[in-house]
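Read top to bottom, the protein sequences are chains L and E. According to numbering that gives the first Met the number 0, the first sequence holds residues 0 to 194 in order. According to numbering that gives the first Met the number 0, the second sequence holds residues 0 to 194 in order.
There could be a bad hint or two in this list.
Stated by the list, open to error - Some chain L residues close to chain E (C-beta under 10 angstroms, calculated; not the full set):
hint	residue
1	E44
2	I60
3	R64
4	F89
5	M101
6	G131
7	V150
Hints in this document: simulated from the structure, not taken from any laboratory. Just so it is clear, CB atoms sit at the ideal spot from N, CA and C, and this is done for glycine as well.
There are 2 protein chains.
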Amino acid sequence: MPRLEGLIPPQTGVAIRARAGETLRLIDPEGSQVCDLFCFTDDPERVPLSAGRSADYNDTILFTRGNRLFSFEGDPLLEITHDTCGRHDFLVTPCSQQMFRMMNGREEHHPSCLENLERAFAPFGVDRYRIGTTFNAFMNVQIAADGRLQVLPPLSKAGDHVDFLLKRDLLIGLTACSDPGSNGGRCKPIRYAVL
Amino acid sequence: MPRLEGLIPPQTGVAIRARAGETLRLIDPEGSQVCDLFCFTDDPERVPLSAGRSADYNDTILFTRGNRLFSFEGDPLLEITHDTCGRHDFLVTPCSQQMFRMMNGREEHHPSCLENLERAFAPFGVDRYRIGTTFNAFMNVQIAADGRLQVLPPLSKAGDHVDFLLKRDLLIGLTACSDPGSNGGRCKPIRYAVL
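Can you make the complete structure from the sequences, with help from the hints?
This is the structure we're talking about:
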């Protein structure tokens, strides 16, 4: 039985607290849906996750089972222990209101992962500028030999999941990504469980 | 005549303030030496540079002339207007005391780009956890088709330089990288000028 579980409705986000030794499972219930993850140590320091430190210490930009995600201070925070999809992104920042304004040329509000993370973290007193590059579970960013990036529909099928073993007590923000273009044309929910 | 210029001795760092419309030139005087760059808007907000936003908006992880570096908020901060080297890194975080301790198995102090940036920014009241992935000028990180990273000696020759046009007033931290392994075996100086 999971200690905690929930459904993140399309284009929303949540923050959860989980302990070292627990496993966070992210499930794509319908398939082809991205889940942005960012986290801080769950202590007064609120040390952020670091994509750059993680790339450096894993010697890779493509993360799957066996890889660890590191903090700004170089401490391991999460270890990927199971991965039925195999393709995730840890290069690009969450979609934002500014991004949608730029892409669509419209001023009106658009839900975004950045806003959803900021809102989820707000009750915990986190400085928003510490939210760095997110681990974008199921996001399919293809990288050409010349470094060019192309965002394609996620490869995840309904029920695909990725498990993260916590190496530290963490405050974790999760979203069901708000950008139709990154999610095969339609924004869908994400399910999570803490085991 | 440059408005400001200087030599960054090996394994040290500096912070400078420069204005929108000015050009920052980074010069590798001896060749094969990395210079880590991080910056914030020079206003009370201190909005940080964002590697993830920059990768997303340039659709690339390899940056050269014509590419722009963006802030956390998605505003352009710097534009690369000239580049005689052509190979830089914007994927990995600066070397740190923790990294050298881990690599060398020794506790003693080792100069590092992270410490040098933190020290350089300290008088400006910057939250250290806002220092994200640096733009590592001249750093040669090769990326295999499977995503694996390999740090090779910089391709820069003596006198190679890269120019950044400032799109905003910026507080910029620069280092002459402290890791012999990333700099062809020997840590050398970096020269900079604001034109």
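Any of the earlier hints contradicted here, and which numbers?
-> Going through the list in order, the structure violates hint 3 alone and respects the others.
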